[in-house]
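Engineer: What follows is the residue order along each chain.
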Amino acid sequence: MIQQKLREKAKELLSSKTVDLIIGYGSWTLPLRTTPVFIRAPEGVESLVWNSFCENNLTTYLHKFSRLKVGVVVKGCDARSVTALGLEKRFPNHRPLLIGIPCQRMVDRKKVKKAVKGEILQAVEQGELLLVKGEDFNVTLKREDFLYSVCQVCTHRTPLHADVLIGDPVEESPLVDLHPDVKALEGKSPEERWEFFQKEISRCIRCYACREACPMCYCSECFVDSSRPRWIEKSLSPSDLAFYHIVRAYHQTGRCTGCGACERACPMDIRLTHLTQKLNQEVKGLYGFETGIQPETLPPLSTFNPEDEQEFIK
Amino acid sequence: MENESITTWEPKILAFLCNWCSYAGADLAGTSRIQYPPNIRVIRVPCSGRINPLFILKALQSGMDGVLVSGCHPGDCHYLSGNYVGRRKSATLKQFLEYLGVEKSRVQFSWVSAAEGVKFSQVIQEVTEDVRKLGPLKNFVKR
Amino acid sequence: MKFKLDKKDFENFLKDLMETYDLFAPVQLTEGVSVFKKIDKPEEVNLTQLVPQKSAKEVFFPQSETMFRYEMSENQSPIVSEQKIGRERVLLGARPCDIEAIFIVEKVFIGEDYTDVYFLEKRKKTTIITLACNHPLTTCFCSSTGGGPFRKDGSDLFMIDLGESYLVELLTEKGLAFSKNRFFKEAGSKEIRLVKELEEKAAKKTDSSIPVEGIEKRLDLMVESPFWDRIHEKCIGCGTCTFLCPTCHCFDITDEATNQKGERVRNWDSCLFPIYSLETSGHNPRPTGRERTRQRLMHKFNYYPKNFGRVACVGCGRCILYCPVQFDVREAILYTSSRRTEGRKGKFK
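Just so you know, the sequences run in chain order A, B and C. Everything in the first sequence is counted per the numbering used here, starting at 1 for the first residue and increasing by one. Everything in the second sequence is counted per the numbering used here, starting at 315 for the first residue and increasing by one. Everything in the third sequence is counted per the numbering used here, starting at 458 for the first residue and increasing by one.
Hints listed in this document are in silico derivations from the structure and should not be mistaken for laboratory results. Every value quoted in this text rests on a predicted model; they were computed, and no experiment measured them. It is possible that some hints are incorrect.
[Claimed, not checked] Some but not every residue of chain A turned toward chain B, in silico, with C-beta under 8 angstroms:
{"#": "1", "residue": "Gln122"}
{"#": "2", "residue": "Val124"}
{"#": "3", "residue": "Glu191"}
{"#": "4", "residue": "Arg193"}
{"#": "5", "residue": "Tyr218"}
{"#": "6", "residue": "Cys219"}
{"#": "7", "residue": "Glu221"}
{"#": "8", "residue": "Trp231"}
{"#": "9", "residue": "Ile246"}
[To be verified] Taking lysine-lysine pairs in the DSS-like style, the calculated list, with each CA pair at most 30 angstroms apart, reads:
{"#": "10", "chain 1": "C", "residue 1": "Lys658", "chain 2": "B", "residue 2": "Lys452"}
{"#": "11", "chain 1": "C", "residue 1": "Lys609", "chain 2": "C", "residue 2": "Lys658"}
{"#": "12", "chain 1": "A", "residue 1": "Lys199", "chain 2": "B", "residue 2": "Lys456"}
{"#": "13", "chain 1": "B", "residue 1": "Lys456", "chain 2": "C", "residue 2": "Lys609"}
{"#": "14", "chain 1": "B", "residue 1": "Lys452", "chain 2": "A", "residue 2": "Lys199"}
{"#": "15", "chain 1": "A", "residue 1": "Lys113", "chain 2": "A", "residue 2": "Lys133"}
Backbone N, C-alpha and C fix where the C-beta goes; we use that ideal spot for every residue, glycine too.
Looking at chain A on its own, in the form it has when it is part of the complex (with noise of 0.2 angstroms):
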């Protein structure tokens, strides 16, 4: 069992002293859920789990501990941030250990409740199923069914680069289908694709949990916060929502991995993976381009070939 020999590994690690610290997921106190776990003693990797409910990206924590030698538990997406972020040169001290761990697609929580009547108390998962109880229902699920919508288009579950692959590599699907929020908008009509976008983050509370998330946006200031020049205010005028999702996108061209940890953090379920899965699918068109797939490919904004497509330019 992957949980099993995960903590054995870490187990391992910890002792021998390759690392100073483990970032993995445990379980907590929320079904459906589970938290970000940081250990330093062997003991403690029995609060280590794996399971359908990884959904965090836990790279994000790496600038928080720049100073140690870490080991982190990634699912596909997460060793491509890693790689990303070592192109970015985020790790002069030590390079995170990475714990790779072949994904088999997270369950969207969210997803889960809207298909159920009442607080869901307990949720497990068995196989391909999951079996989600409350205090009036009891209902048995098919885990296909509510997968992340990022996750349902991945191509990459196997961590590359990783030092440590816990489980055998999953066989990768190939690119069949883009993402289904992209996909429904590109029949659509300009006003159409305005209209999804205006109102999904009409609700933004510019709480920021998506910035957060990413472990792509660690500006020390970020654009929002700068006041010469002040590009947006901090109230919520829909033109300045939009402003800063469009930036916020904009600024992981040719970085972000598809995680959809920003999506995942949202409290108010703003779909905001329609925006850099199209970034994603853009620089894959255009530059043939995919964030941490290569590690010594310089990401596309950061460099140029004088035989770039300019079909648009007068």
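Starting from the structure of chain A, add chains B and C where the hints point.
Structural biologist: Coordinates of chains B and C only, in the frame set by chain A:
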């Protein structure tokens, strides 16, 4: 009253011109007395690669109906590769804005050299007409 | 005075209400996301989500509020226009925890030395119709913080969902203004009995075991505890808990201006943002998440009690439900009571 304001509306276009080529090209159009629409407001930048995509967004947010970014032809950049870097930013931003629902012709890009006074006036002509057809920008403007 | 309001009359009751009052009630923005908003059409009101993401504090202390507008005119003093509340307001559908929270925030905004006119005016002009909680969630610990799912304190009218109808109790003078409402029927003994049953059932469900009692003194001894070094690690420093919390009340004031005109706006701010305490010199007295997380918990459970005599937490559970990394304030409180290295399920080492 509504009709009146529509017929008297003139597109406002912000033009970022690189100092060494496009701005000089604009100058040449001026000294050669070549007519071009007065709808553009020019901001001179050292290089088209200096353009931060936030400039374009801020322009639209502030009520500009269209934005033009113009630089040196590939290979002719005063800073050697600035326009190449700018080209990638422009391409990705343009596709993204179109996807979001900002009309295709609101944000445009061109290469205009210091000797191309005529081309400059043609570009301005085209961009102004394109934006005029689209009407004033309604989405995204900060009221 | 107790009345019965049939659910089939509810929309018309709201329509009537909206002719005299500005109505504020929960609205579902998308499935699973609700906020308190000014109602334009009675059909918008949605009472199905027990804990809307944004709390009722929005009604008295909006996230973005224009304090005044000004316009420069030549050779004259600037014209300043203030925002005034026109009509009387009704806040309908907030739960007892949110109402309790309004009193907590009120102590800060309406004080001995200073009164916030924006808050005060809204407070004075609002009639509060609270809705009881028949099915508290497992994350609800209002009964640990001095509240309860059927607590009526602070309400002008108190509503209980009986299935096919609501029981409405008029509690204050503002409430009595509704005594002649044409949709209110007499409440019978059957209704009263049902209320008692529901109340008893609900009281058993909220969590009374969280040791909030005495936490102020316990935290006094913990200011430099190594506990803070660990607990902050998973917090990513967003503002979700602070913005969703019904008692958090920090704000920032900015001027949004062009050359000729502008407005002064008050926006919510979060003590968990790094720049919150950043000084002009560049010094930041709360430089890392450790200091900021400590500050937040101390403010809620130590500083506020020192100033106002009770903890600034109503046990609504929003911070537990919506935190992106599942920070659980209950575990933090439990830790302070045991001073062990293990909380109830926690692993604070």
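Engineer: Each hint needs a verdict: does it hold in this structure or not?
Structural biologist: Each hint, compared with the structure:
no. : hint                 : in the structure
1   : Gln122               : 41 angstroms, violated
2   : Val124               : 40 angstroms, violated
3   : Glu191               : 6 angstroms, holds
4   : Arg193               : 4 angstroms, holds
5   : Tyr218               : 18 angstroms, violated
6   : Cys219               : 13 angstroms, violated
7   : Glu221               : 14 angstroms, violated
8   : Trp231               : 6 angstroms, holds
9   : Ile246               : 6 angstroms, holds
10  : C:Lys658 to B:Lys452 : 53 angstroms, violated
11  : C:Lys609 to C:Lys658 : 17 angstroms, holds
12  : A:Lys199 to B:Lys456 : 17 angstroms, holds
13  : B:Lys456 to C:Lys609 : 43 angstroms, violated
14  : B:Lys452 to A:Lys199 : 16 angstroms, holds
15  : A:Lys113 to A:Lys133 : 11 angstroms, holds
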